[in-house]
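Novice: One letter stands for each residue in the lines below.
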Amino acid sequence: MPRPMSGKNMEKSKNFSQAMKRLVQSLESWRILLVISLILAMISSILALIAPNKLSEFADTIGEGLFPNTVKLEEVVVKITDSFHLENIEEKMPIIMLDEEISKEDKDSFMNLLSSFSKEEKDSSDYSLLFQKIPSSILSTLLEEFQINGVNISVDDQIKMLHLTSSSQDLSTLDQLPESIYNLVKPEMDIEKVKNIALFMALLYIFSALFSYIQGFSMATISNHYAQSLRSKISNKINTLPLKYFDNHETGDVLSRVTNDVDTIAQNLNQSLASLVGALTLFIGSIVMMFVTSWALALTAILATVIGFFFMFLILAKSQKYFNARQKELGDMNGFIEEMYSGHSVVKAYNGTEKAIEDFEKLNERLYTANQKSQFLSGLMMPIMNFVGNLGYVAVCIVGALLTMNGYITFGVIVAFMIYVRLFTNPLSQIAQAMTSLQATGAASERVFEFLDEKEMASQDDIIKALDKEDVKGCIEFSHVQFGYDDTKDIIKDFSVKISPGEKVAIVGPTGAGKTTLVNLLMKFYEIKSGDILIDGTSIHDLSRENIHKLFCMVLQDTWLFDGTVKENIQFNNQNITEEDIWESCRVVGVDHFIKTLPGGLDAKISNDDTVSQGQKQLFTIARGMLEDAPFLILDEATSNVDTRTEELVQKAMDKLTEGKTSFIIAHRLSTIKNADLILVMKDGNIIEQGNHEELMKKEGFYADLYNSQFEL
Amino acid sequence: MFKLLKKLRKKDVVLMLVCLLLIFLQVFLELKMPDYMSSITRLVQTEGNKMSDIIEQGIYMLLCAGGSLLSAIVVGYIASIVASSYSRTLRGLIFHKVQEFNTEEIKKFQTSSLITRTTNDVTQMEMLIGLGLQMMIKAPIMAVWAIFKILDKGLEWSMLTAGCVVFLLTTVGILMLIVLPRFAKIQKLIDKINGVTSENLSGIRVIRAFNAEEFQKNRFEDVNNELTSMQLFNQRAFAIMMPLMMIVMQGLTLGIYFIGAFLIENAMMSEKITLFSNMVVFSSYGMQVIASFLMLAMIFMMWPRASISAKRINEVLDEEVKIKDGQGLKLNNRKGVVEFKNVSFKYPDADEYLLKDISFQVNQGETIAFIGSTGSGKSTLINLVPRFYDVTDGEVLVDGINVKDYKLKELHNKIGYIPQKAVMFTGTVRDNVAYGYNGKKHISEEKLEEAIKIAQASEFVEKMDGGYGAHIARGGTNISGGQKQRLSIARAIAKNPEIYIFDDSFSALDYKTDSSLRRDLKKYTKNATSLIVAQRIGTIINADKIVVLDHGECVGIGTHKELLKTCKVYKEIALSQLSEEELENA
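Protein chains in written order, with the working numbering: chain A, 1 to 713; chain B, 1001 to 1586.
Fair warning: there could be bad hints in the mix.
[To be verified] Below are the DSBU-like pairs computed for lysine-lysine, each with C-alpha atoms no more than 30 Å apart in a straight line: (1) A:Lys674 with B:Lys1217; (2) B:Lys1512 with A:Lys237; (3) B:Lys1571 with A:Lys355; (4) B:Lys1007 with A:Lys21; (5) B:Lys1522 with B:Lys1512; (6) B:Lys1571 with A:Lys656.
No lab work stands behind these hints: they were computed from the structure. What you are looking at is a predicted structure, and each value in this text was computed from that prediction instead of being measured.
Could you build all of it, start to finish, from the sequences and the hints given here?
Specialist: Below is the structure:
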C-alpha cells in the first residue's frame, strides 16, 4: 500500500554503516531466506530486462509482415514486361497475323502502334506502358502463362495486373491483385515465430511475477518475524534493566522504540531492501543492455535522463528545509493544541480564550505556509519524473529514427529503447527513495540496539544463599547505608537503623527526603553504594532479587492495574489464589460490595474510563498485595488516593494482617502512622529523629513541627 | 463528508475550477502525445521520409510533455494552496469551536480525541484534497478520454483492455475486502502492544516486587504473536499486489501485440501499416486507461479513512454548546457573595443526581470549605460557580445575580480558579503567573512578585535559571507537582479576584507549605471570598463555614466546632485524621 507522506521525522543515524552492519548480523537466523529473496529480486529484475529485447524482436517480426514482397513483385513485373520486348513481339507477329479470331481492325491498329515508333524507340520502348492501346485480343496472344515458385500466373491475371498498376501506384492497388499474384507478393509474417515469442514472453512475465511474489512473501515473513523478535527482546530487556535506567529515560521513549522504531525497521526491511537490490540490478542492467543494443541510443537516453534528474535533485535539495519547517510547525501546533485543550478549564476561567485564539492563528498561519510549500515541492516529483521519461522517449525516437533511416538499427531497437528509457528512470527514483528509508532504518535500528545494549542488572549466577519465607523471623538492619541515584549526589547518607521482628515502622519526612529510596534499596531495586542491609543477618548482596521480592509484600502509591479483569488483576501471577481468597481480601479492604455492582463481578474488565475510581483502584492493589503472604510488608503511600474514612477501615484490616509481620509504612498523612512502633523522620537522606509518636512530640523537633502544621491557619 | 467539503472558501473553489481546466489541458496534452508517438513510429517505419519531419513531430511531442509538466506544476501549486488553506480553515473552525466548549463537552469528546481530531483528522482531509483533488479530477477525465481515443481503433484490443481493467479492479477490490478490516485490527493490536509495554514500564516496581516478570512476558508475547501473524497475513496478501499489477500491464502490451500480429496478418495490405501504428498507440493508451483506473482505486482506498475523519470533525463542529453567554450584567455593588439556592445537578445522560438540593450562602471575606469522601460531589459543586457546568435545578448566584445572566467573561473576571491538577503553559514563569489579566492588559512587576511570594513560590522561582523569566517546559515537566501547584495558585492571586476557588489545590503541598500559604493568603485576601475543596481537616479547620457532603447531599453546614457536635459524617472524617484530643485542642 502506498504510504502517504507521513509526518515522521526522517532521522539521520549517527553511524549508518555500523547500524546497518549490526542489523544484517542480527538477521542471521533468516540469512538463507534473505539471500534467496534478494537473489529472486535480482532475477526478477533481470527478467524484466530481457523482456524489452524480446518485445523488440516481437515488434520486428510483426513489422516484417507489413510490406509486400517486392522481390516477387519485381519478378512478376519483369516477366510480364518481357512479353512486350521487341523480339517477343516480332516472334509473335506471324501468329498474330495468322490468327483468324483476331479482327482486321485490331491487327491494323496494332501495326499502326508499332510503326508510330522509330527504330530506336522500338528497341528501348516498353510496350507494357502502351498496353491499353493494344487490343485485348492481341494482348492475350502476346502474353504467356508463366510460373513463379510453382504458382501459375494466367494471362488473364497478367492483364488484370497491368490494368491495376496503370491506374494507380498506391499500396491499396496491391490488395486487388489477382489471387495468384497476390499470394505471391503478399507480406509474409512468420506466425510461428510470433507465437513462439509470445509464449516465451508470457512465460517470462509469469516467472518474473512469480519470483517477485515469492520474494515479497519471504521478505514479509522475514521482516515480521524479525520485528516480532525485536519486540520480544525489547520487552524482555525491560525486565533486566536496573530501575536506574528508567529514572533518566521517559516511558514514551521506550514505547516508541517498541512500536515506531521496530515498525520502521520492519516496514523498510520489507519494502526497501528488496526494492533497492532490484532497482540497482535494473539500473545497472538496463545501462548494460542499452549499450549492448545500441551505444548511440544508450548515450542519448542517459544524457536526456541525467539532465532531468539534475533538476530534480536541485529541487529535492532545496525542498528539504521546507520539509523540516513543516515538521517543526506541525510539532509546535500539536504541542500548542494539546496544552490548550488539556488546560481548557484554566483558559476559560482566566479569560484566556482570546489570547489562545490569537496564538493559534499565528501558529496556524505559519503551519499553512510551511505546509503549502512542502506540499507543492513534494508534488513536483511526479510530474518531473514523467517529463524526464518523455524527454528520454523523444530523444530516443529522434535519434533512433535517424539511425534507422541510415540503416544502423531496426525499428525494433527503438521499441526496446522506449522501454529501456522507462526501466532506466524508474529505478533511479526508487534507489533515492530506498536510500532515504534505509537512512531511517539505520536511525531506528540504532535506537533499538542502543536500548538492547543497555547495561543490565548485575548477574546473580554466583548467589547461592536463599532465605525461606517460612523461616524468616523478620529482623532488618540498615548499616551505614549510602546511596545516590547518580554518582554526584547522595540521597541517603550513612543511614543506620535496626528493626526488630514484628515492628511497625513508619517513615516520614518532606518530599525528596529519601523515603521511597529506602524502600527501593530494601527491595534491591537499586544497588547500594556502600554499607549493607541485613535480613535476619543475611546481607542482601548474598540474596537474589527474586528471593528478596518473595519475602516482601508491597503496595505502592501508584495504583497499577493492567488491562484485564478484576480477578486477573488481583490474582496477578499467582494462579494458586482461589476466588474465595479474592473475595475474602476484597471484603477486608471493603471493595467487595463495589465488585458486586460491576457487570460480571470479578470478571468485569478494568478499563481506563471512569467506572473505577482512583480510590477503588488503590483498594484493588491493596487487596492484591494482601494476598501475597510474606513476612515483610511495605506500604508506600498505599492509601494516598482513598479518602480518610476508607483509609481508616483499610488501616484496621491491615493492622490485623500485619500482626507479627515487620512492616514499613510511608505516609503523607501523619494520622496513618501515629500508632507505629517506630517513626523514622527523614530529612535530606538522614534520619534526624526517631521514636514513637509521643516521644517525638515531646521532643518538639521537626516531627512535632510537621505534625502541628496540620492545625495552623 | 460533503458537508465538510462545503467549508472550502469561495476563492478555493474558484481555484479548483482553474485546476479542473488545467487538468483538462493536461490530459489533452498527455493523450496527444501517443498521437505524436504514432506518427513518429510511422515516419520511422516507412521509408523515404525526411528527418526534419521526425524532428518536427518530436518537438511537438516535447512541447506537449513540457506543457503537461507546466500545467501539472501549476495544478500542484494550486492544489497545495487549496489543501493547506482548507486544513487551515478546518483547524481554525475546530479550535474556535473547542474554545467555546465547556467542561461537559470536553469530557464528552475527551481531550486526547479532540487533539487528534484537530491534528490527524484534519491532515487526513488535507491529504484527500491535496492528492485526491488532482487524482479525483484527473482519473475519470483521463480514463474517459483515453477510452474515447482508442474505442474505434480496434474492438479486440478494446475488449482486452476492458478485461484487464475488470480483472485488476476485481483483484484489488477483493484484496481490499480481505485486508482492510485487518488493518483496523492491527491498529488496535499496536495500541495493545503499546498498552502492555507501558503497563510494564509504569508497573515495573510492582512487577518486580511480585516476581511477575514471566507473567508479564507471556501477556506481551500473546499480543506480539497475534500482531505478527495478523501483519504477516496482511503483508503476504499485499505482496501479491505489485506482481499482479506488473503482470497485468505487461500482459496487456503483450496481448495487444499478439492480437495485433493476427489482425495485421489477416488485413489488407493497405491497412497493415495503419494497423501497426494503431497497435503501438493502443498499447500506450491502454496503459493510460489502466493507470487511471488504478488511480481511481487509490482514491477509493483513501476515501473510507477520510470519510471517518470527516465524520469525527463534523461531530465536533456540530456539537451544540450548551452554556452560552448571558445578556450581561446590571450594575451591582455587592462583591464576593456566592449563593446556592436548592441546587441539584446531574450529568445529561445520567440517572443519578450528583448533587441534591444544596443551599448555602457565603459573604465577602469569608471562607467556605467543602469536605466529603471521594465521589461526594465536592468538585462538581464548586465547578458550578464558574459555570463549567450548568445546574440541573435551582440557581447559583454570584453577587446576587444568577451566573447564567453574566457574560462568561465578566463572571470569570470575578473568579480565581485553581484546579486540582495544576495546568502550566509553555513559556516563562511570568507568562504563567500573569495569565489572567482580569481585564487589565499588563501586570506590574511588584504584583507579580507579591503573588509568587504569597504562593510560597519565591524560593524555588528565584533559584530557577532566569528567575521570573525562567522557562517552563511543555506541560511544566521541568518543575515538580508541588511547584506547579504553587505557581497555579500564584496565577490566581495575581488576578486579584473577588472569589477564589480552590479545587483540592492544597493536597499536592506538604503540611508546612500548605499552612504558611494559607496564612499569607488570608492576610492578603481579607476582602476576597474563598471556596475550598479539601481532604485534610487541617486545611479547613478554621473556615467560616464548612459544608459536609455525602453522596451528593449536604449533611451538615457549620464551623468545625459545631459540626463535630452535630454532624456524624464530619466527625468520622475528622477522627480518621486526628485524635479526639487533638481535635479538642485545635
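Novice: The structure should be examined with respect to each hint, and the outcome stated for every one.
Specialist: Here's how the hints hold up against the structure:
no. : hint                     : in the structure
1   : A:Lys674 with B:Lys1217  : violated, 41 Å
2   : B:Lys1512 with A:Lys237  : violated, 42 Å
3   : B:Lys1571 with A:Lys355  : violated, 46 Å
4   : B:Lys1007 with A:Lys21   : violated, 51 Å
5   : B:Lys1522 with B:Lys1512 : holds, 15 Å
6   : B:Lys1571 with A:Lys656  : holds, 24 Å
Comparing the model with each earlier hint shows violations of hints 1, 2, 3 and 4; every other hint is respected.
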